[in-house]
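Since chain D is already given, all that's left is putting chain L on it; use the hints.
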Amino acid sequence: MEALFTSGILSTAIIGIILLIIVVLIVRSIVKKKKNGGGCSCGCDGCGMDCGHTEHRK
Amino acid sequence: MGITIALAGNPNSGKTTLFNVLTGSNQYVGNWPGVTVEKKEGKLKGEKEVTITDLPGIYSLSPYTLEEVVARNYLLNEKPDAILNIVDGTNLERNLYLTTQLIELGIPVVVAVNMMDVVEKSGDKINTGVLSKKLGCPVVEISAMKQKGIEEITKKAIEAAKGKTSVRVHEFSAVVESALTEIEGMIEDKGGRNDKDQRFVAVKLFERDDKIKEQIAMRIDVESIISKCEEVLDDDGESIITNERYNYISSIIEGSLVKASKVKLTTSDKIDKIVTNRWLALPIFAVVMWIVYYVSVTTVGTWATDWANDGVFGDGWSLFGLEIPGIPVILGGFLESVHAAGWLQSLILDGIVAGVGAVLGFVPQMLVLFIFLAFLESCGYMARIAFIMDRIFRKFGLSGKSFIPILIGTGCGVPGIMASRTIENDRDRKMTIMTTTFIPCGAKLPIIALIAGALFGGASWVAPSAYFVGIAAIIISGIMLKKTKMFAGDPAPFVMELPSYRMPRISDVLRSMWERGWSFIKKAGSIILLSTIFIWFTSNFGFVNGKFGMVEDLENGLLASIGKGISWLFVPLGWGEWKAAVAAITGLVAKENVVGTFGILYGYAEVAEEGNEIWSTLAASFTALSAYSFLVFNLLCAPCFAAMGAIKREMNNTKWFWFAIGYQTILAYGVALAVYQIGNIFTGGAFTIWTIVGFLVVALILYFLFRPYKESKTLNINVSSVKAHKFAK
Numbered sequence: 001m002e003a004l005f006t007s008g009i010l011s012t013a014i015i016g017i018i019l020l021i022i023v024v025l026i027v028r029s030i031v032k033k034k035k036n037g038g039g040c041s042c043g044c045d046g047c048g049m050d051c052g053h054t055e056h057r058k
Numbered sequence: 059m060g061i062t063i064a065l066a067g068n069p070n071s072g073k074t075t076l077f078n079v080l081t082g083s084n085q086y087v088g089n090w091p092g093v094t095v096e097k098k099e100g101k102l103k104g105e106k107e108v109t110i111t112d113l114p115g116i117y118s119l120s121p122y123t124l125e126e127v128v129a130r131n132y133l134l135n136e137k138p139d140a141i142l143n144i145v146d147g148t149n150l151e152r153n154l155y156l157t158t159q160l161i162e163l164g165i166p167v168v169v170a171v172n173m174m175d176v177v178e179k180s181g182d183k184i185n186t187g188v189l190s191k192k193l194g195c196p197v198v199e200i201s202a203m204k205q206k207g208i209e210e211i212t213k214k215a216i217e218a219a220k221g222k223t224s225v226r227v228h229e230f231s232a233v234v235e236s237a238l239t240e241i242e243g244m245i246e247d248k249g250g251r252n253d254k255d256q257r258f259v260a261v262k263l264f265e266r267d268d269k270i271k272e273q274i275a276m277r278i279d280v281e282s283i284i285s286k287c288e289e290v291l292d293d294d295g296e297s298i299i300t301n302e303r304y305n306y307i308s309s310i311i312e313g314s315l316v317k318a319s320k321v322k323l324t325t326s327d328k329i330d331k332i333v334t335n336r337w338l339a340l341p342i343f344a345v346v347m348w349i350v351y352y353v354s355v356t357t358v359g360t361w362a363t364d365w366a367n368d369g370v371f372g373d374g375w376s377l378f379g380l381e382i383p384g385i386p387v388i389l390g391g392f393l394e395s396v397h398a399a400g401w402l403q404s405l406i407l408d409g410i411v412a413g414v415g416a417v418l419g420f421v422p423q424m425l426v427l428f429i430f431l432a433f434l435e436s437c438g439y440m441a442r443i444a445f446i447m448d449r450i451f452r453k454f455g456l457s458g459k460s461f462i463p464i465l466i467g468t469g470c471g472v473p474g475i476m477a478s479r480t481i482e483n484d485r486d487r488k489m490t491i492m493t494t495t496f497i498p499c500g501a502k503l504p505i506i507a508l509i510a511g512a513l514f515g516g517a518s519w520v521a522p523s524a525y526f527v528g529i530a531a532i533i534i535s536g537i538m539l540k541k542t543k544m545f546a547g548d549p550a551p552f553v554m555e556l557p558s559y560r561m562p563r564i565s566d567v568l569r570s571m572w573e574r575g576w577s578f579i580k581k582a583g584s585i586i587l588l589s590t591i592f593i594w595f596t597s598n599f600g601f602v603n604g605k606f607g608m609v610e611d612l613e614n615g616l617l618a619s620i621g622k623g624i625s626w627l628f629v630p631l632g633w634g635e636w637k638a639a640v641a642a643i644t645g646l647v648a649k650e651n652v653v654g655t656f657g658i659l660y661g662y663a664e665v666a667e668e669g670n671e672i673w674s675t676l677a678a679s680f681t682a683l684s685a686y687s688f689l690v691f692n693l694l695c696a697p698c699f700a701a702m703g704a705i706k707r708e709m710n711n712t713k714w715f716w717f718a719i720g721y722q723t724i725l726a727y728g729v730a731l732a733v734y735q736i737g738n739i740f741t742g743g744a745f746t747i748w749t750i751v752g753f754l755v756v757a758l759i760l761y762f763l764f765r766p767y768k769e770s771k772t773l774n775i776n777v778s779s780v781k782a783h784k785f786a787k
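So the sequence lines, in the order shown, correspond to chains D and L. Just so we're aligned: 42 in our numbering is position 42 of the first sequence, and the numbers increase by one with no gaps anywhere. Positions in the second sequence are counted from 1; adding 58 to them yields our numbering.
Bound-form chain D, shown alone (with noise of 0.2 Å):
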């Protein structure tokens, strides 16, 4: 155990993974985000201006 600390592999393993369920986490969002847009297609993240969708408040 104390060989794969020292070597790297397993915090290599750790940071790869949390690494990799961030990217699928915001992969997903973004997905979603244009899937159940709530009719919005403005595209936009809600950049403060006022594209007219209520939905990017909520």
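None of these hints come from the bench; they were simulated from the model. Possibly wrong hints are sitting among the right ones.
[As the list claims (entries may be wrong)] Straight-line alpha carbon distances no greater than 25 Å define the calculated SDA-like cross-link-like pairs of lysine to any residue that follow:
#, chain 1, residue 1, chain 2, residue 2
1, L, Lys706, L, Lys453
2, D, Lys32, L, Phe699
3, L, Lys622, L, Lys706
4, L, Lys580, D, Ile9
5, L, Lys580, D, Val23
6, D, Lys32, L, Ile585
7, L, Lys706, D, Val31
8, D, Lys32, L, Lys453
9, L, Lys453, L, Tyr761
10, D, Lys32, L, Gly100
11, L, Lys580, D, Gly8
What follows is chain L alone, placed relative to chain D:
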């Protein structure tokens, strides 16, 4: 059972401000007309049963503009339980025109006289009791901005919605009334409307409103009734109604409004005498925008960005003597201590931190710019710019209405493109969509700041010049395109009310700044982060000796191969290196990616760690001229995918979409080529075949600019619609 209350009123009367106060939401508020294009809904604070609908600002219920169609259709089809009519107290007469129409709908109306603080300051007096009696509906004084009278107006609106009664007090002249009664009788004969809006429908039929005919789906021939009336009153149906409405409004105003002084100029008038002066307006506008960009990018913004770049995303910074290490130092130390694999360290430090950090480093500059823009919008100056630009645009065949989307585009191109919906003239609308993204949006600011800082040593003219390059591209495109058959025709009439100047609330300015800034931070943590991983992977992996794997030198990576395959395209523009070509292409995903890509490819993190001047390696790859050419190309070329999507939707036509993208890219290429090639001669460069091409591009643009305008002698305006507009406004 839920209650729905619709907020209706003239543009810039404070509907969205009141909507935000009532619902606690953060809808964008701007001190210029046309901020709300579509209706928005929210729940009344503390009353979950009550839904508030914010309608676009309209001057009348005649379907001349998109806003008027959206609002009218909602009121006719959705039938809210009550209408909360926001009336600008400083301009009572014009605002009451809509009120008289709303009352005819048969829906209970409560009038909120807004901006009472301004009315009181000017010394005017409004007798709401008399007003209420004459209009036949409750009238309450409020100040949405100062949140005065909100409780009372909410109470009255809910009472009205529950009561479901509306009293019609306004009657037209006997001749018109008799015609209207006859029309109402005809509607009854056809089975009636089963609605309280019968009176409204009859008036609209009298005005020969074609859209109402389609909407009521009844075959009624009222022409003989209208003609008879027109003969008696010697005017057309629509004008008869408009004139009688204004006569009625005058009679209301007489007893309920006491003006302090008729000749005294208001502070806004005095400011406008200078700010919108025929000769001073443009120089003042140029100076204002120069200051905005100079301060944002070169002075205050730079100090903040230097702290972010050198400190937070660099080797560290000190707070009251306490040394705080930078993010790359902390992460690097951690990854080293846990013996993470080399490739993972590279991915995190040279990829994600370098790419995302490069973008985030410019957020302070963006925030400073957004503060300025929010201030100019809220105080009312931006509306003046549209008015000033109308004078110029009109000469080139565009109307000032096209400038509103462009103003909105300074924040983000997507809502800017969407705001072009308000332009009724299809040709002008298409042209506006094509040119809106020429104005530098917030995402292009990091590119401007990077070039200004790294290549021009923070020269004060670089950032403001980017804004003026955008304006020039819009004007030049307007002139050139208007001279083609596709866009020929006179500009649509532009009627715009100039709002009073007002000192913006600090909370509004800061909220606007934060909302825009936060969206960039979120974007850096999502789409930019994904892009940096992709760029890191493709630049660090490739085929060496026939085997796929991590490469030692970026020059052997996949991205380098792709970049080298396309970089020749940009050689005439002065930046034929593959890294610059790749950065420009990745900018299509999001414009911030240009800086993120540079961060990865030019080793942002490594340089920062060593404490060397950040971006010095980038500076070595460009000359001042090629950097400016790169900047011009990225400012004018096809926007990011989100904005392209908006262009496609608003054009609603694939051919037009590709035409717009093609035009933007070709113009960007041509202008960047001319800048580099012609500039090259003045900086001692050699005269090559590309120099001739550069001159040819300039000659071609000049030809399109100055060739005779064949359509200028034809008037292409629907006169009846203009007349009606004039009366309505």
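Task: 25 Å Cα cutoff - pair lysine 706/L, lysine 453/L - done: violated (29 Å)
- [ ] Would you mind confirming whether the straight-line C-alpha gap from lysine 32/D to lysine 453/L stays at or under 25 Å?
- [x] violated (47 Å)
TODO: Quickly compare the C-alpha distance for lysine 32/D and phenylalanine 699/L to 25 Å and report which way the hint goes.
DONE: Satisfied, since the Cα-Cα distance of roughly 18 Å is no more than 25 Å.
- [ ] Please work out if lysine 32/D and isoleucine 585/L have their alpha carbons no farther apart than 25 Å.
- [x] holds (14 Å)
TODO: With a cut-off of 25 Å on the C-alpha distance, tell me whether lysine 32/D and glycine 100/L pass.
DONE: holds (23 Å)
- [ ] Verify the proposed pairing of lysine 453/L with tyrosine 761/L, using a straight-line Cα cut of 25 Å.
- [x] holds (17 Å)
Task: Distance restraint between lysine 622/L and lysine 706/L, which requires alpha-carbon spacing of 25 Å or less - done: violated (30 Å)
Task: Pairwise hint evaluation, glycine 8/D against lysine 580/L, where the allowed Cα distance is 25 Å at most - done: Judged against 25 Å, a Cα distance of about 32 Å means the pair is violated.
Open item on the list: Hinted pair, alpha-carbon criterion (25 Å max): lysine 580/L, isoleucine 9/D. Please report holds or violated.
Closed with: violated (32 Å)
TODO: Decide if the proposed pair is consistent with the structure: lysine 580/L and valine 23/D, CA atoms, cutoff 25 Å inclusive.
DONE: Roughly 14 Å separates the two Cα atoms, so the pair holds.
TODO: Below or equal to 25 Å on CA atoms is what counts here, so check lysine 706/L against valine 31/D.
DONE: holds (20 Å)
Hint compliance for this structure: hints 1, 3, 4, 8, 11 are broken, all remaining hints hold.
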